[in-house]
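**Student:** Below are the chains, spelled out letter by letter.
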Amino acid sequence: MKNQEHTKATRYGMAIDLDKCTGCGVCVIACASENNVPVMYDESDKTRNISWMQVYILTNGSQFPHTKVIYIPRPCMQCDNPPCVPVCPATATRKDPNTGIVSQIYARCVGCRYCMAACPYHARDFNWFDPHFPEGTDRYLSPEVSPRTRGVVEKCTFCHHRLMRARTRAYREGRRDLREDEYIPACAQACPAKAITFGDLNNPGHTVSRLIKSPYVFRLLGRLGTEPKVYYISSEDWVRRMADNYLPGEFKGRG
Amino acid sequence: MDLALIPNGAQRCSLKRFLPWMLVWSLVVAWGLVSAFLCFYKGLNQTNMNHYFAFGLWIVFDLSLIALGAGTFFTGFLTHIMGKDELKAIMNPAVVIGFICYSAAIAVLVVDIGQPLRGWFIFWHANVHSMLTEVSFCITAYLGVLTIEYLALIFSNRKLNEIREFTIFGNNLQHMMAFFAAAGTFLSFFHQGSLGGMFGVLFARPFAFREGFLIWPWTFFLFILSSIAAGPSFTLLCVWITQRVTGKELVKRKVFDMLGKISGWLLGSYMILKILDTISWAYGVVPRAGLSFRDFYEGPYGIWLMIAEIGIFGIIPAIILISPRLRKKNGLLIIGALMNIIGIVLNRFAFTIQTLTIPVMPFDAFMSYFPTWQEWGIALSAVGYGILLFSLSYRYLPLFPQEAELNPVKVLGKAVTDSGLVQKR
Numbered sequence: 001m002k003n004q005e006h007t008k009a010t011r012y013g014m015a016i017d018l019d020k021c022t023g024c025g026v027c028v029i030a031c032a033s034e035n036n037v038p039v040m041y042d043e044s045d046k047t048r049n050i051s052w053m054q055v056y057i058l059t060n061g062s063q064f065p066h067t068k069v070i071y072i073p074r075p076c077m078q079c080d081n082p083p084c085v086p087v088c089p090a091t092a093t094r095k096d097p098n099t100g101i102v103s104q105i106y107a108r109c110v111g112c113r114y115c116m117a118a119c120p121y122h123a124r125d126f127n128w129f130d131p132h133f134p135e136g137t138d139r140y141l142s143p144e145v146s147p148r149t150r151g152v153v154e155k156c157t158f159c160h161h162r163l164m165r166a167r168t169r170a171y172r173e174g175r176r177d178l179r180e181d182e183y184i185p186a187c188a189q190a191c192p193a194k195a196i197t198f199g200d201l202n203n204p205g206h207t208v209s210r211l212i213k214s215p216y217v218f219r220l221l222g223r224l225g226t227e228p229k230v231y232y233i234s235s236e237d238w239v240r241r242m243a244d245n246y247l248p249g250e251f252k253g254r255g
Numbered sequence: 001m002d003l004a005l006i007p008n009g010a011q012r013c014s015l016k017r018f019l020p021w022m023l024v025w026s027l028v029v030a031w032g033l034v035s036a037f038l039c040f041y042k043g044l045n046q047t048n049m050n051h052y053f054a055f056g057l058w059i060v061f062d063l064s065l066i067a068l069g070a071g072t073f074f075t076g077f078l079t080h081i082m083g084k085d086e087l088k089a090i091m092n093p094a095v096v097i098g099f100i101c102y103s104a105a106i107a108v109l110v111v112d113i114g115q116p117l118r119g120w121f122i123f124w125h126a127n128v129h130s131m132l133t134e135v136s137f138c139i140t141a142y143l144g145v146l147t148i149e150y151l152a153l154i155f156s157n158r159k160l161n162e163i164r165e166f167t168i169f170g171n172n173l174q175h176m177m178a179f180f181a182a183a184g185t186f187l188s189f190f191h192q193g194s195l196g197g198m199f200g201v202l203f204a205r206p207f208a209f210r211e212g213f214l215i216w217p218w219t220f221f222l223f224i225l226s227s228i229a230a231g232p233s234f235t236l237l238c239v240w241i242t243q244r245v246t247g248k249e250l251v252k253r254k255v256f257d258m259l260g261k262i263s264g265w266l267l268g269s270y271m272i273l274k275i276l277d278t279i280s281w282a283y284g285v286v287p288r289a290g291l292s293f294r295d296f297y298e299g300p301y302g303i304w305l306m307i308a309e310i311g312i313f314g315i316i317p318a319i320i321l322i323s324p325r326l327r328k329k330n331g332l333l334i335i336g337a338l339m340n341i342i343g344i345v346l347n348r349f350a351f352t353i354q355t356l357t358i359p360v361m362p363f364d365a366f367m368s369y370f371p372t373w374q375e376w377g378i379a380l381s382a383v384g385y386g387i388l389l390f391s392l393s394y395r396y397l398p399l400f401p402q403e404a405e406l407n408p409v410k411v412l413g414k415a416v417t418d419s420g421l422v423q424k425r
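The listed protein sequences correspond, in order, to chains A and B.
Residue numbers for the first sequence, in the numbering used here: 1 to 255.
Residue numbers for the second sequence, in the numbering used here: 1 to 425.
With the rest of the complex left out, here is chain B (with noise of 0.2 Å):
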């Protein structure tokens, strides 16, 4: 039924097979709407949080969200702006992985202010000393930014490719990619490391703060590092997952290899760096506080966590991806992303949470938090419209131009090769 939307030379699943995929996915988001619909209506006393807990799972998805889409702009300066054009094959799906976590980011930031038809204050009332602020600017800049790169993929489909207008638009961004590449890398340095100078400069939350270089602190520049380690195997997992469920090669192994390397090196210098500021910390931020390392590792997040962070799933997947000969093999490759990007998200975990639930007033009580329905719907949601999105774009759109010469299609006994790329006039 819908053939002649399919891109050229892609074989795609029949509708049967789609829709009751499409059907599961858009459940979770139904759940996701229902309860931003109670948010909205009865307040945010729908969740679990407090006013010890001021952030929840909503800011742990949320900056999980952003660092994995940190991918898109990585790769896109490293296709456009390095000339890595090996990695034009990979190039599309970042976009759309990118598009998707940064809308979702944006969504659940949406419900999860108190005021949300006040949320153009930020801009308008902008404090430029913080670095919300910072981040709230270039998060909706860069959204901007990946809607037209989504766009310039969107106009390749192959119906809509045959209106002359979208084609010559399409075409005309296509040629400015390098450009929004520019823009991207600019716009996402800033906000990846701003996420990370919100906690760096809480001075008074001895877990979070840290010293840094003139008005930034170090969280800045770990955050922005962790990010491009973490985004490169995200796009990596999710194009592998993509190969599993569809059964097709889509991208070439080379492709594979060379984004965990990158990720790999990327990881293993963050961990060093890692390592250093947690030390520094421990002898510098702590003692001046009359704290020790110990009093931030006590009760259900105690020093696991840190091992958790650093050593299981930061050295380790930093090890399997620099290592040719341990990424040469499939499952390792795989593992090491997964790990990466756990390690990554514990990161994210240990600044939102662990900053909040630590005491600081002496004689002040240790809470604890768990999410209610709402709010885990709200951040599942986030994944079922990724799903949603990734699954229609992968089956209207040419994502993946090397897809035609892995999965060779015959019409009528010819091989079609034509992908259904914008055509160059």
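Isolated chain A, as found in the complex (with noise of 0.2 Å):
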């Protein structure tokens, strides 16, 4: 029975589909500036920079006119098997068993990147200069985010705060249940092409749970056993292909 119960467990999760992804970089931004996420002092240099949501790009390597392109928006997996929270020494990350978010305690890392040795996403960030808020963006810093210090590792962590927000407000409300647009992370709302979907993903009535039972979806290296609550959609196989190490013949792709 108890089992039962757990299975039933929120686990929040993301669809993200990738033939509405434009690439016009608004989830970045979006998560960038919901997040206090600093301003390096060269953010063309994407090994040291912070962030927590990236795009990456992507072309079938095809020449013209066959050409085609797509663009991965990849926040942190938010696995269900995470590869980065065992490994961590002083428990600095820990998955929520009622909700699925692997969260980082910043005040609590040693910054000794162990979990990101352990990420193959690289979506964990480590902080090697001390935070920088260009002069006037330091009062666009959002009191419900804790900036971080250098020498700690950050990531994604679905805009856990308007978790907290969410549950305050239902709380008032007297309700324990959230509804499915209550609780939606920064990047998800800033999409304008409505490409990420967000919800739980144990919730039949949540748009997400129906999205990821499409036959067009994957997850980012989903052999490796680290069962990504971030799902992505594409018609294209040779996108699908692109997701995963697959040997010669393995693949089957949908035509």
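Don't read these hints as lab results, they were simulated from the structure.
All figures in this text were calculated on a predicted structure; none of them were measured in a lab.
Residues from chain A that face chain B, not an exhaustive set, calculated with beta carbons under 7 Å: (1) Leu58; (2) Pro83; (3) Pro89; (4) Ala90; (5) Gly111; (6) Cys112; (7) Trp128; (8) Arg223; (9) Asp244.
No residue lacks a Cβ here, since even glycine has one placed at the ideal position from N, Cα and C.
Starting from the two chains in their separate frames, assemble the complex, guided by the hints.
**Tutor:** In structure tokens, the structure reads:
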């Protein structure tokens, strides 16, 4: 009985429709401004800047006029079996069993970066520099999200503070459950193409739980057993082929 | 000037020769201290590490230092627990080498973590599931054991030995060495293994991931075996270098032979298991991840790295060290020990750097990394610190019990044989 209840626990997840994504980058900006992501001395250095949401550009490798381009927005995959959580020596990252969200406790992180070595998605960023907010932008800092100091690891939290805000509101109104539209991360809210759908993967009433049943759905590196809760949708075989590693003859396209 | 501190029956070079030698290595340590200051003051942006290379030169150095420092616990185990009395001749230098390796490794780790002041959180908020927690606990505890073992040695200094309390304390510590050796063996077994486990549990990094036994991936056992294979070789090499530098025979040849033999057989066993592990990985973990063996050996870290690690610096030194005929030749014995060490360092390099270099996502880029002068400074200062401490220990402590016998010193025409060890009362 207990197990049954456990499987019904909320599992927040995301479906990103790559056929809709235009690569505009609004999700990146929305994420950064929502979560007090600092601006680095050189934002073009993508190996050291802080970017919870990163957009990869993929092409099918064909010559014009057959060239195709898609964009893959990559937040933290919020894995059901996160490789980063068990390795942290200081318990500075944990997966909430009630929401499935993998959090990072900045004040506890010692900066050993073992979690970064464990994550194959590069979803974790280390603060190589002191956080810097250009003059004026500091006035836009969100009081709901703690800024991070130099020397700690940070990552996408599915805008966890929005969940806390929504829960507080629901509590005030005497409700236990949240409505689907009450808690949405900044990236999903800002996407002009509505390519990102967010919700409870375990709740049949939520759109996202329907979307992830699409035959065109896939996950990044699904074979490794990390069980990401970020799903992608693409009708293109070559896109789905590029989401994981396959030996010759293993990948079965949908035509 | 410092004659009163030099062990009985031992001859040491003059201070005029000793101080410039110390100055050179002090400069290397100073380079490291400046680098460490910059890293503390300005942050780890002083390195060339990045989100792709979360670990860099320092972790390679750390893993290597700890593997090479394994000579201490293993020599202690063989001497005090297994009763191999011949190895007593090498026990003291082994303790100093171990203390140097472990203290340097911990010092480098302190610089390597982004928040050094929070280092103690690993003990306070310990995550019992993390291999790194096990490593941290065991390394710290083992450094404590090594400090006690080193203290017992320091108290055997000629001058300190004159102080009754120190003598009694030193004697008591010497009597408890079997206990410390057992504690050291237990702690070392776990942290050497956990260092391997650290990589073996990375199930989302197919290069490093290994299946295993219960909670321990195969790398856990392979790291233990490789460290006890390389540790005695490193002790052997350090003592041989000391002999070359000082121009004196400090240890009898049969001790070298024994260390070489132990290293050789352990390396040989390790090589068999490593090859089996590589085959099972190539046919198990790799295809399950949708990859082929070749995918891991493209770019600068090509198949040459594996050939170098297992073939050239693995099988060849194992043959040299196992064969009594080959290891009888001084040159070959030293080359065998050196190659053994290089092989183990290559293994630690591969697990640290190659694990991170190989892109897991098919559309990910291959990144390269080269350490900054600050990273080199800190890494090399560990070497400088080691040479400084070993030189001081050699000069002022009776490290080699066979030294007096092998190099009799005549005082007023009479041979002095007392090497100044703690006198039993």
